[in-house]
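K.L.:
Spelled out from the first residue to the last, the chains are:
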Amino acid sequence: MERVMMKGNEALAEGAIRAGCRFFFGYPITPQNEIPEYMARRMPEVNGVFIQAESEVSAINMVYGAGGAGGRALTSSSSPGISLKQEGISYLAGAQVPCVIVNVARGGPGLGGLTPSQSDYFQATKGGGHGDYHLIVYAPGTGQEMVDLIGLAFDKAEEYRNPVMILTDAIMGQMMEPVILPPIREVTTEKPWATTGKKGRAKPNLINSLGIIGEDLARINIELQEKYRKIETNEIRYEADGTGDADLIVVAYGTTSRVARSAINMLRAEGKKVGLLRPITLWPFPKQILADLAAQGKRFLVVEMSVGQLVEDVILAVNDRAKVDFFGKLNGTVPTVREVYNTINALLQKGGA
Amino acid sequence: MPTKRITIITGAFGSGKTEVAVNYTQLLKRAGHNVGLVDLDIVNPYFRSRELTDFLKAHGIEVVSTQPGLEMADLPALSPRIFAFLQNEELRVVFDVGGYPVGAKTLGRFEPYFRAEAYDLWLVVNPYRPGYDDPEEISKLAQAIEAASRLRLTGIVDNANLGRETDRQSREEGSKVVEEAARMLNLPVVLKTYTAEELITPADRDRAANNLFPLQLFMRPPWEEVTGELREI
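Those sequence lines, one after another, are chains A and B.
Residue numbering for the first sequence follows the numbering used here, beginning at 1 and increasing consecutively.
Residue numbering for the second sequence follows the numbering used here, beginning at 1 and increasing consecutively.
Hints are computed from structural coordinates only; laboratory data are not their basis.
Please note: incorrect hints may appear among the correct ones.
To be verified - One side of the interface only, derived from the structure: several residues of chain A facing chain B at Cβ under 10 Å:
#: 1; residue: V4
#: 2; residue: A218
#: 3; residue: I220
#: 4; residue: E223
To be verified - Pairs of lysine to aspartate or glutamate, DMTMM-like flavour, derived with a Cα cap of 20 Å:
#: 5; chain 1: A; residue 1: K329; chain 2: B; residue 2: E180
#: 6; chain 1: B; residue 1: K4; chain 2: B; residue 2: E90
#: 7; chain 1: B; residue 1: K192; chain 2: B; residue 2: E172
#: 8; chain 1: B; residue 1: K176; chain 2: B; residue 2: D133
#: 9; chain 1: B; residue 1: K140; chain 2: A; residue 2: E45
#: 10; chain 1: B; residue 1: K140; chain 2: A; residue 2: E37
#: 11; chain 1: A; residue 1: K287; chain 2: A; residue 2: E339
#: 12; chain 1: B; residue 1: K105; chain 2: A; residue 2: E37
#: 13; chain 1: A; residue 1: K126; chain 2: A; residue 2: E312
#: 14; chain 1: B; residue 1: K4; chain 2: B; residue 2: E180
#: 15; chain 1: A; residue 1: K272; chain 2: A; residue 2: E312
#: 16; chain 1: B; residue 1: K176; chain 2: A; residue 2: D325
#: 17; chain 1: A; residue 1: K273; chain 2: A; residue 2: E312
#: 18; chain 1: B; residue 1: K140; chain 2: B; residue 2: E90
#: 19; chain 1: B; residue 1: K140; chain 2: B; residue 2: E165
Since this is a predicted model, take the numbers as computed values, not measurements.
All residues carry an ideal CB built from backbone N, CA and C; glycine is no exception.
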């Protein structure tokens with residue numbers, strides 16, 4: 001069958017397989033368990049490796065090994081598990097190991113709950129671990145994007161030798177949508193840096209994040225920052241829907257962008273000029289489009305399943321040129337279409353002030 | 001279609017068991033029965049029928065799952081009230097079972113009741129779920145579920161769908177796979193679901209003979225619940 005009904009988690013797992021991922025290391029945690037479960041069954045079918053590690057820390061370091069040796073490596077977890085992986089993620093960024101990390105986020109802080117949440121935005125986009133580093137962060141908005149973006153994530157990870165994160169949540173991971181799967185890809189990327197044996201070279205390849213000698217650390221950081229500027233220039237992705245004639249633009253990603261879109265469709269049907277700006281990359285963040293829309297006199301409403309994290313990036317991008325309002329729900333609750341509809345309506349009635 | 005007092009709904013993960021179970025309780029209720037729904041899903045804590053406890057209660061259907069207060073916990077715990085449901089001969093009981101053989105295993109605990117009284121054990125099949133577009137694979141799943149539950153299947157529920165993208169053609173193609181699997185298993189298709197009138201094909205026209213079963217979807221993502229409330233039935 002060309003189209004299949006897949007849970008978001010399954011779509012991520014099969015999407016990774018189709019993109020040539022052959023190494024999965026994970027540790028169970030709700031609400032992402034379908035990913036390791038799927039991989040445990042699927043990896044042997046494609047001569048891949050599935051390992052249930054003894055911990056999240058162990059799993060992320062297995063990713064370091066497999067990614068460093070040039071394999072397409074994946075790990076997945078959910079919020080508390082992603083916190084455990086942060087040391088390893090910082091090392092992966094420092095050693096410039098390509099890999100993909102999936103966070104199917106749940107409510108926090110601490111052990112939190114099983115409900116969907118977007119309160120890991122700061123952790124995903126502002127570092128999370130120690131040091132001056134960035135992950136490329138994709139936020140899928142549909143089941144199909146789960147498949148497509150995880151494929152892109154592996155390509156970009158290798159292109160920039162940088163870890164890439166897929167940030168999604170319990171609702172997106174558990175909901176089921178029809179998807180079209182691409183054929184399995186052969187990966188032929190040259191990786192002259194990978195630790196696959198000296199093969200006659202004078203110097204061995206070394207995957208390392210240590211910069212203790214002389215100016216080494218400064219040099220590494222300059223190199224990283226140059227790479228991040230290149231990513232910011234080339235890799236920003238977003239969807240702008242009806243922003244051209246809109247008076248008010250909702251900014252949201254993932255689950256809340258779906259809820260917002262339903263509310264916007266209702267308002268549009270009533271002739272109200274409302275648009276949606278959906279960041280697909282959360283880092284690099286689509287600053288310029290927001291700045292441009294602000295300069296055109298638009299106002300913004302940020303909708304999040306958090307007390308306000310994405311909203312800070314929107315405020316920075318808009319830089320006082322436009323009004324930015326916020327509608328957030330605390331961990332454990334999802335904004336309803338009616339709530340977003342009412343919030344937008346109230347703002348429209350209040351006018352531009 | 002004559003049905004038994006106890007109906008057990010099984011199937012693969014994500015095949016639509018909960019939608020079928022919840023809708024089937026409504027059908028029984030409308031037919032004048034006292035109905036109880038047992039949510040036996042301890043495989044995955046999302047999109048389970050216990051989320052509809054208040055709604056179903058308002059429609060006169062009792063739901064039992066785990067200890068009150070722990071409904072949303074990720075715990076493999078079951079309420080002893082399930083035995084009360086089984087022992088109440090005035091009650092039609094519908095079991096909504098967790099996915100795959102691992103979900104069906106929980107039925108083993110109630111085996112003495114199923115041995116003492118005829119039951120219906122139905123397998124919900126959506127051939128658009130990955131791995132189940134092949135009648136052979138559906139048959140294997142059926143056998144594995146029978147082995148895990150120590151029970152015998154009595155019918156297949158044809159739930160061929162692509163969600164909102166279902167059209168007549170995809171439903172018809174899916175149904176062919178399900179019917180082939182039913183033939184291989186020598187089981188009747190006891191229900192054939194549809195979510196909209198426009199999906200009905202000429203072949204379906206005799207609704208009773210085809211066991212057509214209208215499905216109202218309850219397990220919707222938040223962006224499809226415009227009012228945040230469920231429609232009245």
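K.L.:
For every hint, state whether the structure bears it out.
P.N.:
Structure-based check of all given hints:
1. Taking 10 Å as the C-beta cut-off, the interface hint given for V4 of chain A holds, the closest approach to chain B being about 5 Å.
2. Contact between A218 of chain A and chain B, as hinted, is not supported at the beta carbon level, the nearest pair being about 47 Å apart and thus beyond 10 Å.
3. Evaluation of the I220 of chain A hint against chain B yields a violated restraint, the C-beta minimum of about 42 Å exceeding 10 Å.
4. The closest approach between the C-beta of E223 of chain A and any C-beta of chain B is roughly 42 Å, which is over the 10 Å cut-off, so the hint fails.
5. As the CA atoms of K329 of chain A and E180 of chain B are separated by approximately 48 Å, the hinted pair breaks the 20 Å bound.
6. The straight-line distance between the Cα atoms of K4 of chain B and E90 of chain B is roughly 12 Å, inside the 20 Å bound, and the hint therefore holds.
7. Distance check on the hinted pair: K192 of chain B and E172 of chain B sit about 11 Å apart at the alpha-carbon level, within 20 Å; holds.
8. With a C-alpha separation of about 10 Å, the suggested pairing of K176 of chain B with D133 of chain B holds against the 20 Å cut-off.
9. With a C-alpha separation of about 18 Å, the suggested pairing of K140 of chain B with E45 of chain A holds against the 20 Å cut-off.
10. For the hint pairing K140 of chain B with E37 of chain A, the CA-to-CA distance comes to about 19 Å; that is within 20 Å, so the pair holds.
11. Between the alpha carbons of K287 of chain A and E339 of chain A the distance comes to roughly 27 Å, so the proposed pair goes past 20 Å and is violated.
12. Restraint check: the Cα-Cα separation between K105 of chain B and E37 of chain A comes to about 18 Å, which is no more than 20 Å; the hinted pair holds.
13. Note on K126 of chain A and E312 of chain A: the hinted pairing holds, with a Cα-Cα distance of about 12 Å set against a maximum of 20 Å.
14. Taken as a hint, the K4 of chain B and E180 of chain B pair is broken in the structure, with Cα atoms around 25 Å apart against an allowance of 20 Å.
15. In summary, the hint linking K272 of chain A to E312 of chain A is not supported, as the alpha carbons are separated by about 26 Å, beyond the 20 Å threshold.
16. Distance check on the hinted pair: K176 of chain B and D325 of chain A sit about 52 Å apart at the alpha-carbon level, beyond 20 Å; violated.
17. Taking the CA atoms of K273 of chain A and E312 of chain A, the gap is about 24 Å. The hint is violated against a cut of 20 Å.
18. Only pairs whose Cα atoms come within 20 Å are accepted, and K140 of chain B paired with E90 of chain B is rejected, the gap being roughly 35 Å.
19. Proximity of K140 of chain B to E165 of chain B is assessed by CA-CA distance (about 28 Å); at most 20 Å being required, the pair is judged violated.
Checked against the numbered hints given earlier, this structure breaks hints 2, 3, 4, 5, 11, 14, 15, 16, 17, 18, 19; the rest are met.
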